[in-house]
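For the protein sequence lines, the chains are A and B, in the order given.
For the first sequence, position 44 matches number 44 in the numbering used here, and the numbering has no gaps at all.
For the second sequence, position 83 matches number 83 in the numbering used here, and the numbering has no gaps at all.
You can take every hint at face value.
The list treats identical chains as one, so a pair stands whether inside a single copy or across any two.
For lysine-lysine, the following BS3-like pairs were computed, each having C-alpha atoms within a straight-line distance of at most 27 Å: (1) K42 <-> K167; (2) K75 <-> K42; (3) K31 <-> K75; (4) K31 <-> K42; (5) K29 <-> K75; (6) K75 <-> K8; (7) K42 <-> K8; (8) K167 <-> K133; (9) K167 <-> K138; (10) K42 <-> K29.
FYI, nobody ran anything at the bench for these hints, they're computed from the structure.
Number of protein chains: 2
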Amino acid sequence: MAEVKIPKATARRLPLYYRYLQFLHDSEKTKFSSADLSEAVKVDSATIRRDFSYFGALGKRGYGYDVESLLAFFKRLLNQDRLTNVALIGVGNLGHALLNYNFRQTNNIRISAAFDINPEITGTIQSGVPIYKMAELKDQLEQQQIDIVILSVPMEHAQEITDELVKIGIRGILNFTPIRVNVPEEIRVHNVDLANELQTLIYFLDNFKEDGSLINPLAKENLTTTDLND
Amino acid sequence: MAEVKIPKATARRLPLYYRYLQFLHDSEKTKFSSADLSEAVKVDSATIRRDFSYFGALGKRGYGYDVESLLAFFKRLLNQDRLTNVALIGVGNLGHALLNYNFRQTNNIRISAAFDINPEITGTIQSGVPIYKMAELKDQLEQQQIDIVILSVPMEHAQEITDELVKIGIRGILNFTPIRVNVPEEIRVHNVDLANELQTLIYFLDNFKEDGSLINPLAKENLTTTDLND
Numbered sequence: 001m002a003e004v005k006i007p008k009a010t011a012r013r014l015p016l017y018y019r020y021l022q023f024l025h026d027s028e029k030t031k032f033s034s035a036d037l038s039e040a041v042k043v044d045s046a047t048i049r050r051d052f053s054y055f056g057a058l059g060k061r062g063y064g065y066d067v068e069s070l071l072a073f074f075k076r077l078l079n080q081d082r083l084t085n086v087a088l089i090g091v092g093n094l095g096h097a098l099l100n101y102n103f104r105q106t107n108n109i110r111i112s113a114a115f116d117i118n119p120e121i122t123g124t125i126q127s128g129v130p131i132y133k134m135a136e137l138k139d140q141l142e143q144q145q146i147d148i149v150i151l152s153v154p155m156e157h158a159q160e161i162t163d164e165l166v167k168i169g170i171r172g173i174l175n176f177t178p179i180r181v182n183v184p185e186e187i188r189v190h191n192v193d194l195a196n197e198l199q200t201l202i203y204f205l206d207n208f209k210e211d212g213s214l215i216n217p218l219a220k221e222n223l224t225t226t227d228l229n230d
Numbered sequence: 001m002a003e004v005k006i007p008k009a010t011a012r013r014l015p016l017y018y019r020y021l022q023f024l025h026d027s028e029k030t031k032f033s034s035a036d037l038s039e040a041v042k043v044d045s046a047t048i049r050r051d052f053s054y055f056g057a058l059g060k061r062g063y064g065y066d067v068e069s070l071l072a073f074f075k076r077l078l079n080q081d082r083l084t085n086v087a088l089i090g091v092g093n094l095g096h097a098l099l100n101y102n103f104r105q106t107n108n109i110r111i112s113a114a115f116d117i118n119p120e121i122t123g124t125i126q127s128g129v130p131i132y133k134m135a136e137l138k139d140q141l142e143q144q145q146i147d148i149v150i151l152s153v154p155m156e157h158a159q160e161i162t163d164e165l166v167k168i169g170i171r172g173i174l175n176f177t178p179i180r181v182n183v184p185e186e187i188r189v190h191n192v193d194l195a196n197e198l199q200t201l202i203y204f205l206d207n208f209k210e211d212g213s214l215i216n217p218l219a220k221e222n223l224t225t226t227d228l229n230d
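Let the hints inform the model, and build the full structure from the sequences given.
As structure tokens, this is what we get:
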């Protein structure tokens, strides 16, 4: 079988495209152009056409793309026809916000169990989700067949809890702690590092000129950015 | 003047390197290798050496990198010698978590003003930060010379508030809403889309095999990912 190379950056944009298709569908639109999509998701048209090309002929030249059929395609591609249950570990301020975050509104994902060490909240239901003790982690993840976990614990506990999760057999971690955790190769970790995001924004604002070149006050040369398609 | 091209992906990794240098410094370490850094931040050594190379000779072959001098370099590069004040708009669940998030611990950033429409919290101080009415937005941002804003408002208000921010003259937005807002070219928006992050993790888990190839149940071919260096 021939192998087609698909960039990770493309894979990362797919949920965004899917969400726009849902929006069009809800607005009873029947077709759209790559320019429409580009305007809505802020990704340039050429990149969108290239992304779509990995999945074969999704549109017709001069006609654009059909909302209904593309929505069905992305729905299957992104496994949106079934609900994915995930667990949340750490119900502090951020964890609490995540419990209240409507993942289900645009994506078919639900936090179905949360875990914490605080005896004031364990054994209760918060925002519709049961909060279990950490001692119940293994049993609950197994019973609920959950293998994806959102980690929002204090950073000093991140690695120790990750080790436990690995032993239990989870497959993926969405890591909100500033620690880069050690995991075996077969486990996937996505890091959402809020301080880093803000720092990067500030760095770009301070150093990048409107034409895309980078002002580096510490080097003799002016640097220019290259957009590596992400 | 010669221009050196620096990838955006490199710029995005700089805060991560900086944080590790702080950690080493706090642990009274005096030098490190790219392998040490690689292990800590989960970026491969070759990428680290390439990132560093954009900034000239930062280390000596066979010796590694000097913590003190590199920390000083990154501190100036990332403007960490001065505090950056930012504003938070929208103190709901997520906004509340962001108010309590310690941006200052590793990065010299502080939320110095927050804004909301809820009369129960406006005029109060939450987690040490004053919460102003939306009517005070322009005056406060101007008085406090804030030009970077964290946006965590309900998605239906995201564009309207962004338009207001643009008029006021802010330069950067860290956007936590699932909406991709319209802004003039000179304004930089970084999107942190939590549902998207989780969806992407699930997509990768469902479709990528351990060898990096992508299983696409909808195409006749197996797809292989290419890592575009981010």
